[in-house]
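Number of protein chains: 4
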Amino acid sequence: MGNTFGTIFRLTTWGESHGGALGAVVDGCPAGLALSEADLQPDLDRRRPGQSNIVTQRKESDAVKIVSGVFEGLTLGTPIAMTIANEDMKPGDYREVESKYRPSHADYTYDAKYGRRDWRGGGRSSARETAGRVAAGAIAKKLLRDREHVEVVAWVSKIGRLVADGDVEKVTLADVEKNIVRCPDDAIAAQMIEAVEAARKDGNSLGGIVTCAVRGVPAGWGEPVFDRIEADLAKAMLSLPATKGFEIGSGFGGTDLTGAEHNDAFYMDGDRIRTRTNRSGGVQGGITNGETIYFRVAFKPTATILKEQETVTRDHQATTIKGRGRHDPCVLPRAVPIVEAMAALVLADHSLRHRARRSSP
Amino acid sequence: MGNTFGTIFRLTTWGESHGGALGAVVDGCPAGLALSEADLQPDLDRRRPGQSNIVTQRKESDAVKIVSGVFEGLTLGTPIAMTIANEDMKPGDYREVESKYRPSHADYTYDAKYGRRDWRGGGRSSARETAGRVAAGAIAKKLLRDREHVEVVAWVSKIGRLVADGDVEKVTLADVEKNIVRCPDDAIAAQMIEAVEAARKDGNSLGGIVTCAVRGVPAGWGEPVFDRIEADLAKAMLSLPATKGFEIGSGFGGTDLTGAEHNDAFYMDGDRIRTRTNRSGGVQGGITNGETIYFRVAFKPTATILKEQETVTRDHQATTIKGRGRHDPCVLPRAVPIVEAMAALVLADHSLRHRARRSSP
Amino acid sequence: MGNTFGTIFRLTTWGESHGGALGAVVDGCPAGLALSEADLQPDLDRRRPGQSNIVTQRKESDAVKIVSGVFEGLTLGTPIAMTIANEDMKPGDYREVESKYRPSHADYTYDAKYGRRDWRGGGRSSARETAGRVAAGAIAKKLLRDREHVEVVAWVSKIGRLVADGDVEKVTLADVEKNIVRCPDDAIAAQMIEAVEAARKDGNSLGGIVTCAVRGVPAGWGEPVFDRIEADLAKAMLSLPATKGFEIGSGFGGTDLTGAEHNDAFYMDGDRIRTRTNRSGGVQGGITNGETIYFRVAFKPTATILKEQETVTRDHQATTIKGRGRHDPCVLPRAVPIVEAMAALVLADHSLRHRARRSSP
Amino acid sequence: MGNTFGTIFRLTTWGESHGGALGAVVDGCPAGLALSEADLQPDLDRRRPGQSNIVTQRKESDAVKIVSGVFEGLTLGTPIAMTIANEDMKPGDYREVESKYRPSHADYTYDAKYGRRDWRGGGRSSARETAGRVAAGAIAKKLLRDREHVEVVAWVSKIGRLVADGDVEKVTLADVEKNIVRCPDDAIAAQMIEAVEAARKDGNSLGGIVTCAVRGVPAGWGEPVFDRIEADLAKAMLSLPATKGFEIGSGFGGTDLTGAEHNDAFYMDGDRIRTRTNRSGGVQGGITNGETIYFRVAFKPTATILKEQETVTRDHQATTIKGRGRHDPCVLPRAVPIVEAMAALVLADHSLRHRARRSSP
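Protein chains in written order, with this note's numbering: chain A, 6 to 366; chain B, 6 to 366; chain C, 6 to 366; chain D, 6 to 366.
Treat the hints with caution; some may be incorrect.
The list makes no distinction among identical chains, and a pair is therefore deemed to hold if it is satisfied within one copy or across any two copies.
Said to hold, decoys possible - Subject to a maximum C-alpha distance of 25 Å in a straight line, what follows is the list of computed DMTMM-like cross-link-like pairs (lysine to aspartate or glutamate):
no., residue 1, residue 2
1, K312, D50
2, K327, E101
3, K175, E266
4, K327, D180
5, K312, E199
6, K70, D93
7, K147, D44
8, K327, D276
9, K327, E266
10, K70, E42
11, K206, E156
12, K327, D50
13, K175, D50
These aren't lab readings, by the way, just hints derived from the structure by calculation.
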């Protein structure tokens with residue numbers, strides 16, 4: 006009962022890495038939205054393994070099929086089911102994992118929780134599960150774009166110790182897609198690519214940070230006191246594999262400032278209320294204030310490394326394990342569309358929740 | 006519909022800062038738990054205004070009353086309703102706020118969302134709302150302690166630029182309660198107190214970080230893929246007023262490491278599977294692994310400052326505003342029991358959700 | 006976790022019959038609705054014990070207090086908490102019930118579920134719990150009336166073997182309130198009153214049926230496939246104490262007809278699509294069609310009777326028990342506002358859910 | 006957001022009658038349950054069109070595939086996704102329906118709600134949607150049988166005016182499957198079959214009642230005050246297409262009795278508390294009492310009839326329509342496994358919810 010996300014615009018995902026298929030069901034999408042696989046595939050392609058030489062070389066076309074909820078090119082208002090095939094499965098690569106727990110993976114905890122697990126490719130704990138989220142997120146993005154004029158853009162702002170924060174008001178999808186590491190700063194991007202390649206050669210891995218901006222959200226979205234926009238974004242991001250942190254607006258760095266330095270003064274910009282600065286990150290009291298929402302998500306270095314590590318077996322014997330097979334030396338480039346997807350899901354849900362609130366007097 | 010938190014162990018809060026009262030309803034607490042107001046009041050007292058000279062001087066006894074769900078000293082399994090009076094209300098202090106938006110407060114966004122707001126003391130957006138959370142959290146803590154042998158301890162680890170991280174395995178409630186700023190490092194605590202007092206004299210405010218440790222959780226709690234323990238903790242923390250960030254385990258700092266440096270090796274400690282290090286923060290794949298869960302929460306500097314600031318009126322006129330009346334120059338000391346409460350609510354809920362999973366074969 | 010009802014317009018109730026108080030929290034009511042206790046009390050008075058000589062003589066003023074969510078006479082959009090005192094408690098009347106299970110009451114099942122119960126007045130299983138529902142339902146009714154022009158009217162259509170179905174298009178609140186039994190047919194009402202009085206003298210009890218009409222609902226409310234209007238109404242009604250059946254439109258009687266006899270032909274009434282007959286009861290495929298919604302709810306005869314009955318003790322000893330103290334010889338007259346309240350809660354929730362659906366293109 | 010059912014054991018269905026496929030996702034099924042398609046197919050076959058000459062002749066194999074959540078023959082604790090193909094689609098049969106509203110179908114209300122609909126075969130409003138429910142229900146049944154020793158059996162007890170109530174304590178699956186109409190009384194069954202055949206020849210249709218018994222449920226399941234067992238069963242049944250009524254235990258007929266006649270006396274049966282009669286239908290105060298749960302569900306006569314009927318077009322023109330193509334002259338025989346499925350889903354969910362309650366002291 007933890008595989009559904011959202012309140013009105015709701016996503017349910019299913020599927021194991023080496024199982025029959027992967028899928029997602031979106032319930033609550035309004036009727037009449039123009040939608041086809043062509044709207045979803047680009048984001049799937051951005052998430053796809055094998056898309057460049059700095060990501061895992063598993064060969065998956067990740068072609069998404071819409072099997073319900075769309076008729077004559079428009080959504081019906083009924084559940085939209087989507088499936089994605091598993092094509093390039095190599096269960097043999099994971100035989101050792103059947104009996105040994107990979108450090109900082111979920112092998113042990115899944116066994117502890119469920120008493121068993123599908124050890125092939127990590128089963129349900131594989132980041133492959135996020136394919137369904139990206140498909141659903143593409144629907145949410147389209148809803149936000151077409152009906153609310155809201156835009157969601159994410160990019161890599163840190164890999165290892167290389168930092169390249171972009172301008173949250175300006176970075177575009179085109180800026181992000183200029184290079185395979187999805188960092189809008191080309192100079193840093195080149196260094197990042199080098200670093201990832203070096204890590205791979207070394208059988209090692211790197212972590213980093215994705216920054217995400219959501220622009221064009223009107224003032225008023227968010228449902229205090231628990232379902233604040235930032236609370237739902239934080240949950241969305243920490244529900245992603247490998248994430249260890251979330252910060253919005255000034256974040257952890259803002260704790261260095263005093264109130265006088267931190268507060269966002271209001272002013273009139275024509276007839277629109279704006280803030281001079283945006284340390285709040287577009288949210289005050291859990292409700293959007295019309296400024297750009299921006300946040301950062303920390304991803305740990307990939308747990309799979311091609312180095313011998315101490316571990317134990319299912320039978321409680323000390324042993325060692327060394328990663329093999331295909332893996333991402335750094336998940337950041339592929340994490341970008343995933344972060345966008347989760348952000349879009351949160352915002353789409355809140356756009357509808359807010360609408361429900363506005364019963365006319 | 007955003008005022009309920011949790012799935013099985015569920016909390017609903019209600020009440021405005023200067024309204025009739027504040028309250029909380031806990032639904033889903035198992036029957037037979039010994040419970041009285043005496044179990045709740047200590048945490049209320051730790052959150053209470055006026056408890057020391059570094060917090061707001063609003064005079065509230067914050068005496069909590071249990072009005073349902075407990076009979077002859079034991080929970081009934083029915084909803085536990087609790088109320089807390091508002092005693093020391095000074096609506097006059099807020100008259101100016103009726104027409105002017107305080108920077109980095111929720112005045113504007115509440116108006117934008119609801120078309121109106123209770124401007125007295127911030128109404129529903131006041132941190133006073135967290136009194137109900139603390140009362141409910143005390144029940145969750147008791148359930149965790151009595152039935153699961155789980156302990157939740159939080160403390161102040163940063164105020165302004167003063168840092169004092171404690172040992173997540175060792176800090177006790179007694180360590181935390183040694184001083185009024187709730188920092189277990191006495192030397193730093195003294196500096197923090199001084200800094201808060203200086204900020205107050207200056208009409209300014211400070212932010213900081215609360216660290217929280219949850220010890221004794223068995224392996225297996227957490228509900229992937231969306232309701233991971235860390236996802237629910239992140240949501241819980243970002244649902245608190247003034248929070249801007251959450252990180253678990255190695256957090257943002259972990260992005261500096263390589264996989265080889267970051268992974269937590271498994272080993273056998275007697276017949277128990279343990280990890281050599283705990284960069285995972287007690288959670289792998291969204292499920293607890295039996296190690297201590299620890300995380301950090303960033304609180305921005307209090308928005309209320311006694312300095313003149315640029316702002317606008319409800320009627321879209323440029324103006325200025327200067328805070329007056331009572332306020333916290335730094336929320337960190339009072340935030341400690343609130344963070345503990347939210348953590349306990351998440352863990353109590355997941356303890357019950359996990360139990361539901363274990364239908365016997 | 007079973008004490009909350011609804012999706013967007015949500016009700017949580019709490020309280021035991023002889024506990025500290027009873028209460029309800031409504032979350033999700035739109036802001037700006039004019040509301041005061043005066044809007045709620047009339048329905049509380051219709052549900053109140055002691056209102057006439059055919060109901061229980063427990064003396065409760067059932068004065069409802071709104072303690073949050075309303076400011077300057079208008080809802081804030083925040084949770085509306087309401088409390089109702091327990092005044093005339095006679096726990097001594099229930100001493101015997103502490104150790105003996107009353108037939109067809111919930112004494113045994115509460116013990117079986119929770120291991121314990123508040124035996125005073127039935128505790129949480131008492132129909133006294135519905136006071137909170139009626140208060141919340143009055144808010145829902147007001148929202149429906151003021152914003153959607155929807156009217157909810159219920160009445161007693163059967164007591165024992167006395168039947169008096171009213172015209173679902175025409176019966177008004179005034180018709181219902183003409184007599185103490187709340188049956189719009191005065192002649193039958195007089196017989197019903199006599200029958201209830203006779204039952205009381207005999208220490209016996211009667212059951213019956215409440216019919217409810219909801220008029221003015223536009224076409225389009227309802228959320229298939231599970232949250233159909235009739236599904237949510239059925240759940241609402243069967244969640245009431247003493248209910249054993251629900252039927253909508255033609256109901257059980259409709260199973261006697263053929264499709265040719267049962268189908269509701271469509272026709273144009275000016276520019277509005279109408280049906281010639283309304284065997285569907287205002288709902289087709291789980292969605293309202295603009296015709297009057299009407300349904301019937303069966304209430305069993307009150308379980309408390311002043312006659313000796315076979316039963317067992319908590320300690321598994323055979324024994325007998327004879328009801329004593331105050332009780333309703335027939336719950337039907339008091340059930341009328343309760344049925345209306347639950348119907349209004351369902352419809353108010355669906356009005357908001359439908360609104361959320363309608364994101365503009 | 007109305008396509009998910011249940012709290013812990015949760016079902017989401019998707020799919021249109023003539024769309025890409027139909028499917029269901031079950032989240033929350035405990036790990037370690039032996040499960041394969043062979044466990045599901047028998048119930049699918051009982052619901053399948055074309056299974057006998059008294060049901061619709063659409064040719065569907067309705068072969069169900071499990072595509073996730075099961076590994077090496079056992080459930081993983083992760084979502085179980087299932088798909089069923091649409092094979093024998095004849096959209097051409099429905100061309101007329103594109104522009105005309107069929108009386109007592111959902112064509113008009115879907116248009117009113119969503120602004121559009123998939124008119125081919127009724128789209129999402131088709132009873133074909135219940136195939137996913139039956140697949141999920143078969144999992145719930147298996148969980149109940151294997152882990153709780155609970156049995157769910159339903160049968161046809163009325164068609165048109167032909168009545169044949171069975172003994173709720175004794176009717177077995179074998180009794181039900183003896184004849185194609187699924188009525189355990191062979192003599193009445195023969196008349197029912199004749200009546201359905203006559204209706205079909207006449208282009209007409211019949212309704213009826215399904216009775217369902219759930220045996221072996223221990224005392225203690227159910228979550229008052231809103232999520233009573235009978236409330237959730239009522240919702241489950243009224244969420245099915247064509248249902249108009251639900252009654253449990255004595256139901257509507259019980260309103261004829263006095264309390265003295267209706268109450269179920271308790272007695273000791275060895276060391277087990279039992280009731281002499283079972284007018285309560287196995288539930289008291291919303292919680293099971295250990296007796297057999299039994300209830301009845303009213304299905305209206307099929308709306309599709311091959312007779313000319315008055316109706317209107319999408320463009321508000323008066324017209325007539327006459328059903329054509331394949332249809333069920335009576336849905337009752339196929340409704341039996343569907344009612345069982347929904348009952349099993351409710352009980353499985355409550356078995357897990359109850360388990361969550363029982364945190365050990």
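Comparing the hints with the structure gives:
no.: 1; hint: K312 - D50; result: neither (30 Å within a copy, 52 Å between copies)
no.: 2; hint: K327 - E101; result: within (9 Å within a copy, 65 Å between copies)
no.: 3; hint: K175 - E266; result: within (24 Å within a copy, 35 Å between copies)
no.: 4; hint: K327 - D180; result: neither (37 Å within a copy, 42 Å between copies)
no.: 5; hint: K312 - E199; result: within (20 Å within a copy, 49 Å between copies)
no.: 6; hint: K70 - D93; result: both (18 Å within a copy, 21 Å between copies)
no.: 7; hint: K147 - D44; result: within (8 Å within a copy, 40 Å between copies)
no.: 8; hint: K327 - D276; result: between (62 Å within a copy, 23 Å between copies)
no.: 9; hint: K327 - E266; result: between (50 Å within a copy, 15 Å between copies)
no.: 10; hint: K70 - E42; result: both (6 Å within a copy, 23 Å between copies)
no.: 11; hint: K206 - E156; result: neither (37 Å within a copy, 44 Å between copies)
no.: 12; hint: K327 - D50; result: neither (30 Å within a copy, 49 Å between copies)
no.: 13; hint: K175 - D50; result: within (24 Å within a copy, 47 Å between copies)
When held up to the earlier numbered hints, the structure conflicts with 1, 4, 11, 12 and fits the remainder.
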